[in-house]
Amino acid sequence: MSKILTGNELLSGAAVYLDGHGRWIEELQSARVFGADEGGALEAAVGASKATGRIVSVETEDVEMRGGAIYPLRVRERIRAEGPSAPRVGRQHLAEDEHVSI
Amino acid sequence: MYRYDEFDAAFVSERVQQFSDQVRRRIAGELTEDQFRPLRLMNGLYLQLHAYMLRIAIPYGTLAARQLRMLAHVARTYDRGYGHFTTRQNMQFHWPKLRDVPAILADLASVEMHSIQTSGNCVRNVTVDQFAGAAADEIIDPRPVAEIIRQWSSLHPEFIYLPRKFKIAMTGAPNDRAAVKFHDIGLMAQTNGSGEVGWAVYVGGGLGRTPMVAKLINGFVPHEHLLAYLEAILRVYNRYGRRDNKFKARIKILVHEEGLENIKGQVEEEFAQMRGGILTLPEEELERINAYFALPAYEDHGVVNIDIGREKILDPAYGRFLENNTFPHARQGYTSITVSLKPIGGVPGDITADQMDAVAELAEAYSFSEIRVTHEQNVVLPHVALTDLRAVYDGLVEAGLADGNVGEITDMITCPGLDYCALANARSIPIAQDIAHRFAAPERSREIGKLKIKISGCINACGHHHVGHIGILGVEKKGTELYQITVGGDGTEDAAVGRILGPGFVAADVPDAIEKLVDAYIEKRESPDETFIAAYRRLGDAPFKEALYGNG
Ligand code: SF4
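Quick note, the sequences are listed as chains L and D, same order. Oh and the first sequence: position 89 is 97 in my numbering, straight run, nothing missing. Oh and the second sequence: position 507 is 562 in my numbering, straight run, nothing missing.
Only chain L is shown next, with the shape it has when bound in the complex (with noise of 0.2 angstroms):
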């Protein structure tokens, strides 16, 4: 099963992933999606990152490539990753000082 790495920013509390080059961003899509056989990588990233003191709630997510795009199995991954639904408020964003790298 593909995975991805989230969790939440600690001064915005802000949904976050981490991406390709170790920086946590906001954007879903452009997560770092580790495949089945990259479970030591994902559980150095995951060290790396509750290191920083600055990801909170550190978690591995399951997800599948759809239509290219990245898609996580559970409901409660993707709304976290749309923000609330009804109406739509648009998500909590990190401001200058609150971006977040490993």
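Among the hints, a few may not be true.
Unchecked claim - Label pairs and their computed distance ranges (CB to CB):
| # | chain 1 | residue 1 | chain 2 | residue 2 | range |
| --- | --- | --- | --- | --- | --- |
| 1 | L | Asp70 | D | Thr335 | 54 to 64 angstroms |
| 2 | L | Gly30 | D | Arg80 | 19 to 29 angstroms |
| 3 | L | Val41 | D | Ile555 | 37 to 47 angstroms |
The set of hints was computed from the structure by calculation and includes no laboratory data. Since we're looking at a predicted model, the values are computed, not measured. Where is the CB? At the ideal position from N, CA and C, for every residue including glycine.
Mind docking chain D with the ligand on chain L? Use the hints.
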């Protein structure tokens, strides 16, 4: 209205300073998240799906206009311009940033508000009947005693680490509007044979995974011994509550497993030792607190009733508002107005900063600066003179708050669900919106009459679905949201837990399912005066089951 004494003020401001420092140290990396998490929770700061959430206690649901104005200020300055009222008479802000939280708490402290004990395994905010101190059917205003319980339970050294959270609800009226039988302890005012007022004590009620109706543990505890009696219950619970299993740790399980008689025996034993001791309420102290809840300076305006029938002809929307949103007041010539936070298609319980200011202004002009918050996610102007009704209504129209749907099918309790809540399995808000749109026509909801729909996004049941006449519970099945429907729940003195009649529905099919239940009720009721819940009691599951699933 009660105001903090210096002790409270000093304590709350000290707590704000401590938390400021804790936030600073967390941001500087001196505290880990594991160290910080319990500290932020102690100050009502949760992490939800999209952001932090700050939960603010509104003790016994009573707010002064200046406090509501401060909530408006917080919403505007630090959040996104709105707040959300919950079933626990709290307000939640869904978008605060961590750095701002100490400033928010300092602002709140300036109007005697805080977030202490809105989380954790302690005694939470005491909730009461929203019409306390105003209702015509009331034996006694429960708020002075609620205030005493608040003081007693705040940082009570013995009870800050209970097996699980602990919720107390109270009503001073025989008609229970505070769902007291679904709390860990429920208190109902009683008069004994000699005309003295005391409290019937119910224990072990609750919703969640294992819904239970509380059991009467003592039919009459006099005022002055109430704290000792509560302490005795808490003590027995603290000693024997199941700390080994989170799902079995609430007092309802203890009462259920050990049996009421056994628990009662132990409580009475503890009580016998404490009775007459230091927890006895001194008369002067009760008087002192009572004085804060003195009746407002009512006046005679010469109008003692309104002709709703006439108003309905002249202005149907106003007539409907009068019919549904007013509540009989103890004082002739006055009424309590419920301000509906359930506009068709809105988010139940949400209120914008501008609306908070508008309600505060109306309270200042027409309700002795008092506001109440209901567990059904509406707000109340408790003391409005009949001569001011039209002015209040016009003010509410201007603020977009004049929906006349209180108590009707579109006045639903709805938890934040999967749109916000980290524990949720499914969304609640869009379900409520779809149902509201379906039943939007005033004639239709009028035809249906009083009907309570309650929606939760997970089994924790913050949306009280178990006690909805129609309850809706969201679950997740194989990556989609599914909704279980229950029928027959009741949160009043006739407490009952709703029953599941069959398999769940996907979101798109929920409004149809509700409509089928409603149609079955209308077809089978004896007369328009027989409410949905009364008809259900008479008819049982069968016609409703058939309506939903056919007779297969
Ligand atoms: S019932 Fe569940 S989903 Fe709804 S607010 Fe409570 S914990 Fe969250």
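Handout entry: Distance restraint evaluation - L:Gly30, D:Arg80, Cβ atoms, bounds 19 to 29 angstroms
Key = holds, 26 angstroms
Handout entry: Range hint 37 to 47 angstroms (beta carbons of L:Val41 and D:Ile555) holds or violated
Key = holds, 39 angstroms
Handout entry: Distance restraint hint 54 to 64 angstroms, applied to the beta-carbon atoms of L:Asp70 and D:Thr335
Key = This hint holds: roughly 59 angstroms between Cβ atoms.
Every hint from the earlier list agrees with this structure, and none is contradicted.
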